[in-house]
Amino acid sequence: MSPLRPLASQDGETMGELFHLEDVTKVYKMDEVEVRALDGVSFAIQRGEFLAIMGPSGSGKSTVMHLLGCLDRPTSGRMVLDGLDLLKASDNQLAEIRNAKIGFVFQQFNLLPRENALRNVETPAIYAGARRAERVRRAKELLERVGLGDRLFHFPSQLSGGERQRVAIARALMNDPAILLADEPTGNLDTKTGEEILALFQHLHDEGRTVVLVTHDQRVASYASRILHMQDGRILRDERVN
Amino acid sequence: MLRTTINSLSAHKLRTALSVLGILIGVASVIAMISVGQGATYDIRSRVESLGADLVTVSPAFRVGRAGVASTQITETFTLELADELSKAPAVRDVVPVIQTNGTIKYRDRNLQTTLMGVTPAYPSVVNYPVARGRFFSTQDLESYAKVLVLGSEVAQQLFPDEDPLGKEVVLERAGTRFLFTIIGVMTSKGQLGFGQYDNRVYLPVTTVARRITGDRTVNFYNLRVASADQVDEAIAQVEFILSRRISNPEDYRVRAQQDIIETVNQNAITMTFLLGGIAAIALLVGGIGIMNILLVSVVERTREIGIRKALGAKHRDILWQFLTESVFVSTLGGVMGLLMGVGVAALIASFSRWPLIIPSYAIFLALGFSLTVGLIFGVYPAARAARLDPVEALRYE
Ligand SMILES: Nc1ncnc2c1ncn2[C@@H]1O[C@H](COP(=O)(O)OP(=O)(O)OP(=O)(O)O)[C@@H](O)[C@H]1O
Ligand SMILES: [Mg+2]
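Those protein sequence lines, which keep their order, are chains U and W. The first sequence: position 150 = 202 (our numbering), numbered continuously. The second sequence: position 298 = 333 (our numbering), numbered continuously.
Everything labelled a hint here was simulated from the structure, so no lab data went into it.
Covered by chain W, according to a simulated footprint, are these stretches of chain U (three or more residues, beta-carbon under 8 angstroms):
1. 120-129
2. 144-152
3. 163-169
Virtual Cβ for every residue (Gly too), placed ideally from N, Cα, C.
Chain W with its partners taken away, still in its complex shape (with noise of 0.2 angstroms):
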């Protein structure tokens, strides 16, 4: 019976190899466009867990349109004081104000567009990020308003393309004026993180940045390590209540722990995989269709065969059986070729993106399951046309 199959798919070779090709692609695309899925996300979701699932952030809610009458009200309250405030939750080990602005560093004939983050010593263990070499800024250096600045490592790298930056003097110019720093430490280098590039900035003492720098003391935001991990519920209904006190609309602030951004991210991952295979799937389709159609060709043009066939003693069965197995032939030999070239694909675009390759034994079930089942149902169809001829007819068939 698989002799009669090869036999007829290799005397259409072209043919066969176009119907193998369009299930091919189908499969490869679903397994490739899972894989990407799924490393996309464990990328984004291991740079996430490396703050560590136990952070808290304490913003400004975003106010659109009538924002500054309502805005200005809280980043009124958002003060380096409130962050004494908010260390005095039992359940939160340290709090980190942040002031975010922007700024122009320069040293020599070299300068660069940047970030500065005012935050305390506390902030390379709050958001997990160590210093590389040197050393961050102390207590001491955030009382005196030491004119000190650690670099993010893309910043050190640019800037100091082959000296040592540490003990060197940049300028930081903002809205015209001008500071002379000292460069005392450069960060670890930490990826980039869709919102935060750590490494493209430079962090100084926040108080240093209150009074020099912008001349006021509103944060943009605050970073709370939680004391412990189970006890990030705990923090956020302290942090609140807290804040409840000082601010009368609690719509006004937000309280996110990394853990729902984390849970968002999965969220987002598992609909953009979806999304993904879902086109992919398509792609399959049309190349079930593409077998159905060569298939629809093929019986027509071996009526006179099937005439012959049905003549000798081939029941309905036989007739339905030889076609559905060249159909699921094909389609199966699509989806296993599909799939290899699915995961070459994937580890191509893995290596390059620098993430692991990711192929969930599910991706490859379904995407072989799914092949034989296109091979199937769109062999169903010619196949029952075959056998349901008559066989007088068939053989009058020129």
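Extracted from the complex, chain U is given alone in its bound form (with noise of 0.2 angstroms):
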């Protein structure tokens, strides 16, 4: 497995369903409490597409990236991702998927503490088994491409929020993956900073990615071609744009 392989070789049809979820519940267990925060989602996501994500706190938009990021499985209904059915994928799979095929940006960053920023960037191409050349200098060229090529080795915290996000970005970019998923990937950035990042996902997509971003700022919605609206763990609406 190359996870650095070219991206035009990586899906020859840019068209097509890439995830089907149906009546996709999740439900977390606490003592005797539940709490419902999916109930009943369901929706696809066709290759290629922008897709937003909105809807109030609570209201269950994480928890739908992380099953897209296959971070977690649904407690009940059906999930596929590109054929594969999600519900029955073991660890493993689940893995090798969030590693080649889906680069995720967290919205704390979530670098790794001890390591620099080219070490953060290479980690996904280790799991992959990646040689340490090519590795490097993937990651060296994705930092310069998100404007950190002198940042190479400076640690997370010697790096401002900005510069943080964008080592994340570049981190996910790594194995070059198909699908792109940033939870709120403006919302501790300021206004300017926000807006090259956003520029940034709508270069990637431009590029054939599948991107997905949750956020709660309408101005970061234009960027998408659909916004899903949710609450209380359902989808209010599905609205298509441009």
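Assemble the dimeric complex from its two separately framed chains, guided by the hints.
Right, here's the structure in full:
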């Protein structure tokens, strides 16, 4: 498995269904209390879409993202990615999907605190088994692309919020994933930095990636081709824009 | 992968150092203990062996409690004459009857409590213990009840710190009676033998002791030299046969070959080595538990890091390896350092005790193998716990 294959050869078809969710629920059990974070969610995501998910706090946006990111499995329902039934997939299969197909940008950046920027970006390729020289070359390239070519050996604690976010994005792109997921990528950033980041996502979408963003910001949503409005663990409205 | 290990270990230097120390102490004590056991054994064995493997000792059995009666009967049989009888055994070359008693030896203003050994001229050759200076007493001395004696090296040194003892007259005092003796020789130094402190004794003709000092012809034991080393069993059988005609109960006397003593020493040594090694192994175990403890803390502390790694595609196996590598790295580092320190301690003890430094190769393999195993065993549980973490749960961890 070569993690650094060129994007073009990754999926021959640019159209078609990527994710398919049907009556998906997610229930968190805390002692006696059950929290229905998702309560019968059905939708599909096409290849190459730019989807924004919006909704009030606690509506289940992050929960959906975790499911899309294969970090978690639904409690019930049906969920298919690229023809693979995610409820039946093994932990290792999910790990492979996370590694090869999905780039996840977290709200809190989630950088490895004891590794420098370069190592952070390299990490997905380490788990993909890429050779060191190739890894380092590509990680440098990506950091340069997000404008951090002079911050390779800085540790997360030595970087600003925007810089950390860009390291996180570079890391998400390391294995050249077809899907890019970002949970409130601009939530912690000032307006200007936020716009730079969004422009970057726009650009990544233009390159052919499927992008899903969670946001509170109406402006952010304007980049998207489709907006999913959520409330109380359900989809309130599925809105096509542009 | 190793880089990740070193990174996370160096993030907690003190903690890592303490884990290493735990294993280090364990391994060092295993090595040192085994080496001390081996060195001590070698030392005792070489001293026992220096008497010669073909030495046989005949002595009355120990009797406790009602000893008086039985013991007397036997000692009555244990006489100088029995020595001649025993020397008729074909497989026996020499028999030395030994009368052992305590006395004080005086020279000018110095005096020394010592053991008087009444023996025969064959004694030096029988127990492999030659004279250093002067001469041992002769058959003539024996027959004439000569008042001559030979000093053990320690006695000579203490009584004559800056004089030549040869030819000097000394006073032997026992039970209030004094005798004047002439020193004719000094023995070589034999070193301490646990039970037999050869160097602290004085050697005189057994006939002189029997007639002039104790006034009693009974003997404490006999030292026998076998004609050749492969005839030990034969000699013992012959001696037992001769004794059985004199003493009805075979429980009343003991015929022991030096070989048996060597074997006993070896047996004891093995027991001792394993006991010491066992105690040290417990130290190693404690070190292992220390590693586990610290790894468990580290797993909890790094829950979020584990979540991130899993989110980036780390499999169960990758996380397991990461933590196992850390634990094995720590235990192996401790093992190697412990090995060096153990050898150092063993060398120090050996040089103080003046015995050879023996570190059997099995001890090295044992200690290193054991520390590696400790690292694996005590690393597996924390590593498995880390690997099992649910990615979403782990990412939520503050
Ligand atoms: N691990 C969990 N255990 C219990 N309840 C949870 C867990 N994760 C989420 N929830 C609950 O599920 C609901 C949806 O949470 P989610 O994080 O998806 O909301 P959100 O839409 O992302 O909110 P925000 O905009 O504040 O990030 C919330 O009520 C939350 O308390
Ligand atoms: Mg959220």
